[in-house]
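Visitor: Below are the chains, spelled out letter by letter.
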Amino acid sequence: MAIIELNNLWKEYGDQVVLERLNARVEEGEFITVVGASGCGKTTLLKMLLGTERPSRGQLLLDGTPIPDEPDETRGIVFQRYSVLPHLTALQNASLCGELDANRWLGRAFGATRKAIRARAVEMLEAVGLGAALDKYPHELSGGMQQRLALAQALIKKPRILLLDEPFGALDPGIRRDMHQLVLDLWREQGLTVFMITHDLAEGFYLGTRLWVLDKVRRDAQSPESYGARLTYDLPVGDSKKGTLQAIARNVHDTSRLLQGATP
Amino acid sequence: MKKLINRQAGPVGRWALGLLPFVILVVLYLVASDARLAANPNDKLLPDLASFVDAIQRMAFEPSKRTGEYLLWQDTLASLTRLALGVAISAAIGLVVGIATGALPLVRAGIAPLVTGLSLVPPLAVLPILFIVFGLGELAKVVLIVIGITPFLIRDLQQRAEEIPAEQVIKMQTLGANTWQIILRLVWPQVMPRLISAVRLSLGSAWLFLIAAEAIAATDGLGYRIFLVRRYLAMDVILPYVAWITFLAFAIDFALARYSRWRYPWFHQAR
Numbered sequence: 005m006a007i008i009e010l011n012n013l014w015k016e017y018g019d020q021v022v023l024e025r026l027n028a029r030v031e032e033g034e035f036i037t038v039v040g041a042s043g044c045g046k047t048t049l050l051k052m053l054l055g056t057e058r059p060s061r062g063q064l065l066l067d068g069t070p071i072p073d074e075p076d077e078t079r080g081i082v083f084q085r086y087s088v089l090p091h092l093t094a095l096q097n098a099s100l101c102g103e104l105d106a107n108r109w110l111g112r113a114f115g116a117t118r119k120a121i122r123a124r125a126v127e128m129l130e131a132v133g134l135g136a137a138l139d140k141y142p143h144e145l146s147g148g149m150q151q152r153l154a155l156a157q158a159l160i161k162k163p164r165i166l167l168l169d170e171p172f173g174a175l176d177p178g179i180r181r182d183m184h185q186l187v188l189d190l191w192r193e194q195g196l197t198v199f200m201i202t203h204d205l206a207e208g209f210y211l212g213t214r215l216w217v218l219d220k221v222r223r224d225a226q227s228p229e230s231y232g233a234r235l236t237y238d239l240p241v242g243d244s245k246k247g248t249l250q251a252i253a254r255n256v257h258d259t260s261r262l263l264q265g266a267t268p
Numbered sequence: 129m130k131k132l133i134n135r136q137a138g139p140v141g142r143w144a145l146g147l148l149p150f151v152i153l154v155v156l157y158l159v160a161s162d163a164r165l166a167a168n169p170n171d172k173l174l175p176d177l178a179s180f181v182d183a184i185q186r187m188a189f190e191p192s193k194r195t196g197e198y199l200l201w202q203d204t205l206a207s208l209t210r211l212a213l214g215v216a217i218s219a220a221i222g223l224v225v226g227i228a229t230g231a232l233p234l235v236r237a238g239i240a241p242l243v244t245g246l247s248l249v250p251p252l253a254v255l256p257i258l259f260i261v262f263g264l265g266e267l268a269k270v271v272l273i274v275i276g277i278t279p280f281l282i283r284d285l286q287q288r289a290e291e292i293p294a295e296q297v298i299k300m301q302t303l304g305a306n307t308w309q310i311i312l313r314l315v316w317p318q319v320m321p322r323l324i325s326a327v328r329l330s331l332g333s334a335w336l337f338l339i340a341a342e343a344i345a346a347t348d349g350l351g352y353r354i355f356l357v358r359r360y361l362a363m364d365v366i367l368p369y370v371a372w373i374t375f376l377a378f379a380i381d382f383a384l385a386r387y388s389r390w391r392y393p394w395f396h397q398a399r
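Sequence lines, in order, name chains S and R. Plus 4 on top of the position in the first sequence (first one is 1) and you've got the working numbering. Plus 128 on top of the position in the second sequence (first one is 1) and you've got the working numbering.
No wet-lab data here; the hints were simulated from the structure. Note that the coordinates shown come from a computational prediction; the quantities given were computed from them, not determined experimentally. Please note that a few of the clues may not be correct.
Label-pair distances were calculated between CB atoms; the ranges are [unchecked claim]: (1) R:234 with S:178: 43 to 51 Å; (2) R:379 with S:204: 28 to 36 Å; (3) S:193 with R:217: 50 to 58 Å; (4) S:31 with R:245: 21 to 29 Å; (5) R:245 with S:178: 51 to 59 Å.
Some but not every residue of chain R turned toward chain S, in silico, with C-beta under 8 Å [what the hints assert, rightly or not]: (6) 134; (7) 138; (8) 308.
Yeah, the Cβ is synthetic: ideal placement off N, Cα and C, and Gly gets one too.
Starting from the given sequences, assemble the full structure and let the hints guide the process.
Guide: In structure tokens:
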């Protein structure tokens, strides 16, 4: 059975149509990269998967039942910023989910439980390359290291679905490549289902197993918001032809200009 | 030569420039005091240094002839106890209510309008009510401080709690936290350093309310003493008391700032 199912999914805010007629099935273990112009509803789709926004029409199913309409531990997330808690050190950040589990009222663990949680956190932090920064606060870490920490923190909970909201958007290109490798490794190891949002088309063309393009099919220069974005491409990554990629890039660029207010 | 706007004081220069106004004020005072005392040796308005030393000696280091107590220290203890009680109670209420209204939209909808309304009541206007309800004892003075600064603390902390990025609240939920755990592990620790800065800001008003209450009804306390000796134009006591109060206020503020830097490095360094 599909883990995520989109059945004729719409999202509207009043007159403004953000997403229209999305249909797709996602199997467990897929790595989906979602690309599209900014303002095209990528983040809205992610918020619906997260549970902070609800579909206006149609269905968004998790394991065949409507997805819970608030965030919970089935879906982990890494945002572009503010993902880790600034008042906790790297180790405390990574131990947090274990401690929350251990004690419902205090949200802290003691004794042997605490030791076990810390050991696991250390192991995870070492796996993402933060073994030397255990006792550092997030503000003492570089942007790339903060995102590594955010990944470790999300993955230690073993969520079934990992949502990545432009997680590497603020990083330098070199560091970004390292992070891609890290995400791919972790995804393979843990058998996760990943949704990654990016506005970097190149990132979407080679990362993961499946590429979704959100784009407006109907563009109205007078009122760009009266038509929503649809899934214009749903391709397996790897065997897409050069021409397709250029077509996607061109379409996304046109929509982008439309949304920025340029006249065609 | 560099433009004035680009010129900085060196380490020594900064101290010298900072001290200069104080030195000028002291010199001005001494000159004025000298001039008045030359005209009238019994002038009480601008006493000379010797009278200050004398008054401090009398208030701080000699037992009072009437009660046998060291007045300055007794006044200080009484005032600081009231201030500490008032501020501690306000901080506790501010923390609990501020977090509740800041973190929980339902509580905010219910309580925020009331807090806004209460914060607009001038505290000194309700002082007579406090004296009627709580009597003239310690309670009324402490309650005046509480009434005076709690609404500010609540509103400030509510705003700080609301400012916590939504991403972090969502993150906590994806890590399996329930509402109580989010408050305990995310909101509370993040609001604590902000509570300290809010308390630092409100200390000025707390002193104001304390001295006002002591001036009207008390048998000891720094404010009481100042208003008592005012009847005898005893500037030689009033001015050292004012300086002492200023020093206490400065010391408390300094200690809170230092504590916050030591306890919450993530808060201060990240800025």
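Visitor: None of the hints should be skipped; say for each whether it holds.
Guide: Structure-based check of all given hints:
| no. | hint | verdict |
| --- | --- | --- |
| 1 | R:234 with S:178: 43 to 51 Å | holds (47 Å) |
| 2 | R:379 with S:204: 28 to 36 Å | violated (55 Å) |
| 3 | S:193 with R:217: 50 to 58 Å | holds (53 Å) |
| 4 | S:31 with R:245: 21 to 29 Å | violated (57 Å) |
| 5 | R:245 with S:178: 51 to 59 Å | holds (57 Å) |
| 6 | 134 | violated (30 Å) |
| 7 | 138 | violated (30 Å) |
| 8 | 308 | holds (7 Å) |
When each numbered hint is compared with the structure, violations occur for hints 2, 4, 6 and 7.
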